[in-house]
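Residue-level listing of the chains:
Protein chains: 2
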Amino acid sequence: MRFTGSLAAAVAVLPMALLADPLPSWNDTEAKAAIIAFVDGVTTPGAETYVTPEDRIAVFDNDGTLWAEQPVYFQLLYALDILKQKSDADPSILTSDVLKAGAAGDMAGIMAKGEEGLLEIINISHGGITPEDFEAQSSEWLTTTPHPTSGLTYTQMTYQPMLELLSYLREEGFSTYIVSGGGIDFIRSFADDAYGIPPWQVVGTEGETTYSAESGTPTITKNGGLTFVDDKEGKPVGIMRHIGQRPIFAAGNSDGDFQMLEYTTAGEGPRFGMLVHHTDAEREYAYDRDSHIGTLARGLDEAGDRGWLIVDMAEDWNRVFSGKP
Amino acid sequence: MRFTGSLAAAVAVLPMALLADPLPSWNDTEAKAAIIAFVDGVTTPGAETYVTPEDRIAVFDNDGTLWAEQPVYFQLLYALDILKQKSDADPSILTSDVLKAGAAGDMAGIMAKGEEGLLEIINISHGGITPEDFEAQSSEWLTTTPHPTSGLTYTQMTYQPMLELLSYLREEGFSTYIVSGGGIDFIRSFADDAYGIPPWQVVGTEGETTYSAESGTPTITKNGGLTFVDDKEGKPVGIMRHIGQRPIFAAGNSDGDFQMLEYTTAGEGPRFGMLVHHTDAEREYAYDRDSHIGTLARGLDEAGDRGWLIVDMAEDWNRVFSGKP
Chain Z
99 MRFTGSLAAA VAVLPMALLA DPLPSWNDTE AKAAIIAFVD GVTTPGAETY VTPEDRIAVF
159 DNDGTLWAEQ PVYFQLLYAL DILKQKSDAD PSILTSDVLK AGAAGDMAGI MAKGEEGLLE
219 IINISHGGIT PEDFEAQSSE WLTTTPHPTS GLTYTQMTYQ PMLELLSYLR EEGFSTYIVS
279 GGGIDFIRSF ADDAYGIPPW QVVGTEGETT YSAESGTPTI TKNGGLTFVD DKEGKPVGIM
339 RHIGQRPIFA AGNSDGDFQM LEYTTAGEGP RFGMLVHHTD AEREYAYDRD SHIGTLARGL
399 DEAGDRGWLI VDMAEDWNRV FSGKP
Chain V
99 MRFTGSLAAA VAVLPMALLA DPLPSWNDTE AKAAIIAFVD GVTTPGAETY VTPEDRIAVF
159 DNDGTLWAEQ PVYFQLLYAL DILKQKSDAD PSILTSDVLK AGAAGDMAGI MAKGEEGLLE
219 IINISHGGIT PEDFEAQSSE WLTTTPHPTS GLTYTQMTYQ PMLELLSYLR EEGFSTYIVS
279 GGGIDFIRSF ADDAYGIPPW QVVGTEGETT YSAESGTPTI TKNGGLTFVD DKEGKPVGIM
339 RHIGQRPIFA AGNSDGDFQM LEYTTAGEGP RFGMLVHHTD AEREYAYDRD SHIGTLARGL
399 DEAGDRGWLI VDMAEDWNRV FSGKP
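If you read the protein sequences in the order shown, they are chains Z and V.
Residues in the first sequence are numbered from 99 upward in steps of one, following my numbering.
Residues in the second sequence are numbered from 99 upward in steps of one, following my numbering.
Just so you know, not all the hints are guaranteed correct.
In this list, chains with the same sequence are indistinguishable; a pair is considered to hold if it fits within one copy or across any two.
[Unchecked claim] Computed cross-link-like contacts, SDA-like style, restricted to lysine to any residue with a CA-CA straight-line distance of at most 20 Å:
no. : residue 1 : residue 2
1   : 211       : 195
2   : 330       : 365
3   : 330       : 308
4   : 330       : 317
5   : 330       : 214
6   : 330       : 312
Simulated from the structure, these hints should not be mistaken for laboratory data.
Kindly produce the complete structure, drawing on both the sequences and the hints.
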C-alpha cells in the first residue's frame, strides 16, 4: 500500500486517531492522515497489510529531515569551529589555502576547492581522536553553541513533528534508524538524547578508523579519509550493510534521499515514502530546486507517480523546532 | 569485575543458579559459575557492578565459537560447492589455476595461492547476486548439505552450550551480536534461525555492493572485492562502526578474536572475556597453537593475566552440537 492507495483508508481512521493524537504538532491534513493510515494498516493483526514487528523498519535522513540544514550543514559549522580552535593553539596546521579560509570562516574560500576542500577541513577537525572523545566534544558543542541565525542551539533545531513521528512509530513496534550523509560519529553524539535513537541504529558516512594497543591502552582512532559515503546510491548500500533488510518506511527531504525512498518503496507489501518539503520561509526556510544544500527536484517531479507523500512544512506542521514551542 | 575477581562471588551464587539452570549443557565447573556470577553482578539493581540494559552488549565470534570450523571454514566449503555448480553450467568461468583447483576440490591447489586465491574463489561464488538471493541460496545449502566428516548439516553443528549462553544473556537484558571474520551476508542467512540473532546484529567481513535502478527494478548487487575485513584489529573497528559502543562481554576462540577481547575487557566497569578452547577430539576437534584454522596461542598465553575465562570444551560442556543430543 502506497500513499495514493491509502487515502480512503486514511479518512476512515481519522476520527479514531484524533481521540489520542500521536502527532499533535501535525495539522489535520492529508499528510497526517496518510501516515496514521499506513501505521494502522501494518499494525492491525489480520489485516492484509499487516507487517510483523521485526519487519517494521523505518529509516530517516537527518539533515533537513530531522533537524535543519541551513545556512550550511551543522557538521560543517562544527568542523570550522574545531579547526579554528585547533589552529588558534597551533597555527602551523593551516597548511593550505582552504584550511586558512576555514579557520577565518571565509565561506567563498572554503567552497573554492569544492568537496576536496571540505574533506581537508573534515580530516583536520575530525581526525586524531577516539570516537568516544569525538562524541563528547561534538555533543558539548551541539548543545551549547548558538546557531548563526536562529539563536537556538543545534539540538533545539530538531523538528518537533518528526520527533513525534519517531516516537509514534516506535510505540507502534517500528525500529527507527537514521540513514544520513553526515558523519556517523557526529550523529551518534546527539541522536540518543535528541531522537531516542541509539548508536547502533545510526547509519552514516564513515571515516577510516584504526585499532591499536601499542600505547598500552587499547584505542580506536579516527583518521582522515572517508571509507564510505552514505548519500544517494550509497544510502541503500548503507542500509543493507548495517540493517541487512529492506525498510518499509523511508523519510527524506532531498534528492540525496531519492535512492533510499526508491529502494524502500520498491519492496513488496505495504511501503511508505515521504519527503519533507521546506516551504516555510517564516518559521524555518523555503528552498528546493535551486538550493545549494538539500536540493529537491527529482523528488518533487516523481513523488506523485511513485506514491510518495510530500510533507508541506508550512501547511502540515503547526510547530517546527523542538526548542521553540 | 573480571573472571579472576569473581570466583568467590561465583561460588556464592552457584546454589541459586542450579535451582533454575539457564545453562544445562554446561557442567557445574568454574566456567559456568564464572559466567553466572558475572551476569548476576551486572543485572542486580543496586550492586556496584550493575550495568543498565542499554549497555549490556555481548559480542560473539562465529567460526569455532558458535559453530564448528573444521576441517575448513564452512563458508569455504560453500564457496567451493557454488563454484562447482557454476562451472558445471559454464566451464569458461574457470580462468585460473586456483579456480580450476577449486572446482575440482583440490585443496592443495586452492591453498597454493594463499589468500589471493581464496578471494578469487569467493568473488566468483559470492558475486553477481543480490544479498537476498545470496542469503536464500546459502541458507538452503547450510540446512541441507552434510558436513564432510560429521554427517550433520552445518546448522546442526552449532554448539548447544553457546546457544544456551546466547539465550541466557538475552533473557538477562543483553543484546547479542556476532562479530565474525566470515562474510556478513553468509552469516545473516542462518543467524536468525540458528542463534536468534537478526541481520542488524551481525558484524562481518564485507564485500563491495552497488545499487542501481537502471533495469527498472531497484537492486543491490554483491560484486567481487572486499571493502572491510572483520578480523584481528578489524574486529574492534567493526564493533565501533556497527554498534558504536564498547561491549561488556566478548567470546571468541582464536587469536583472530584477541583484539576484540582486549578492547572489550579494557573498558571501565565489569567486563567479561572468554575463549572456547577446542580440547575435545572425541566429540568435536582438539586444536590450538598449531592449527591451520582457529590458531590459539597468544590467547592461551595471556588469558590468565588478563582475567579471561578459558572454556575447556571437554571438561566444561556435557553436550557439544545442537544437532546431536
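Hint check:
1. 211 x 195: within (9 Å within a copy, 47 Å between copies)
2. 330 x 365: within (18 Å within a copy, 37 Å between copies)
3. 330 x 308: Result: close only across copies, 11 Å inter versus 27 Å intra.
4. 330 x 317: between (32 Å within a copy, 14 Å between copies)
5. 330 x 214: within (18 Å within a copy, 32 Å between copies)
6. 330 x 312: Intra 38 Å, inter 14 Å, cutoff 20 Å: inter-copy only.
In this structure, every one of the numbered hints holds.
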